[in-house]
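**Student:** Sequence:
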Amino acid sequence: MPAEGGATRLVAWSNELRRVHARLREALAVTRETLAAGAPGPAALRDQLLYCHGFCTALAAHHEGEDRDLFPAIAEQYPHLAPTLHALRQDHSMISHLLAGLQAAADATAPPAQLLRHLEGVAAIMESHFRYEERQLLTVLETLALDADPDAVLGPL
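Residue 129 in the working numbering sits at position 126 of the sequence shown, and the numbers go up by one each step.
Just to be clear, a hint being listed does not mean it is correct.
Pairwise CB distance ranges, derived in the manner of DEER restraints [claimed, not checked]:
{"id": "1", "residue 1": "Asp-154", "residue 2": "Gly-104", "range": "26 to 32 angstroms"}
{"id": "2", "residue 1": "Ala-25", "residue 2": "Ala-90", "range": "21 to 27 angstroms"}
{"id": "3", "residue 1": "Val-33", "residue 2": "Asp-150", "range": "31 to 37 angstroms"}
{"id": "4", "residue 1": "His-83", "residue 2": "Ala-46", "range": "25 to 31 angstroms"}
{"id": "5", "residue 1": "Pro-159", "residue 2": "Ser-99", "range": "44 to 50 angstroms"}
{"id": "6", "residue 1": "Gln-93", "residue 2": "Arg-120", "range": "47 to 53 angstroms"}
{"id": "7", "residue 1": "Tyr-81", "residue 2": "Glu-36", "range": "36 to 42 angstroms"}
{"id": "8", "residue 1": "Arg-92", "residue 2": "Ala-46", "range": "22 to 28 angstroms"}
{"id": "9", "residue 1": "Thr-146", "residue 2": "Arg-49", "range": "43 to 49 angstroms"}
{"id": "10", "residue 1": "Ala-85", "residue 2": "Glu-123", "range": "27 to 33 angstroms"}
{"id": "11", "residue 1": "Pro-86", "residue 2": "Ala-40", "range": "41 to 47 angstroms"}
{"id": "12", "residue 1": "Ala-39", "residue 2": "Ala-111", "range": "16 to 22 angstroms"}
Hint data in this document are derived by calculation from the structure and do not stem from the laboratory. Here the structure is a predicted model, which means the values were calculated and not measured. Don't be surprised by glycine CBs; every beta carbon is placed ideally from N, CA and C.
Work out the full structure, taking the sequences as your base and the hints as a guide.
**Tutor:** The structure is reproduced here in structure tokens:
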């Protein structure tokens, strides 16, 4: 992304990744709290479904951006990380499957306890994935040359 004078702005991708992971963890916590409160009534149910949909959308967009923009840039500059990127893409696929289950339950207006069970499955894999990704990629991301908008690559959080 061009800065003043046409120079390319160096993005600290490691900081951006940490920031997005922290925001997704916060969104997960808020969604958990909303579902755990389990307040009765249509307004409470609308709020619970809204949080579920929002969390699903944000996490899916994050992983789609990594697969589309970030991982190819890493693979080009650091080809030895191909097995790590493959494992991370497999995690994305598994999380996508779990998110589809949560989304389907939310679309069917499942009770909060059922939504929470789906969310807990997503949360377990998501946290494991984030930790692995951060252990494997943060050092590489300190030096990654990728001229792109972080919100487009990692999700607008």
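**Student:** Tell me, which hint numbers fail for this structure?
**Tutor:** 4, 5, 6 and 8
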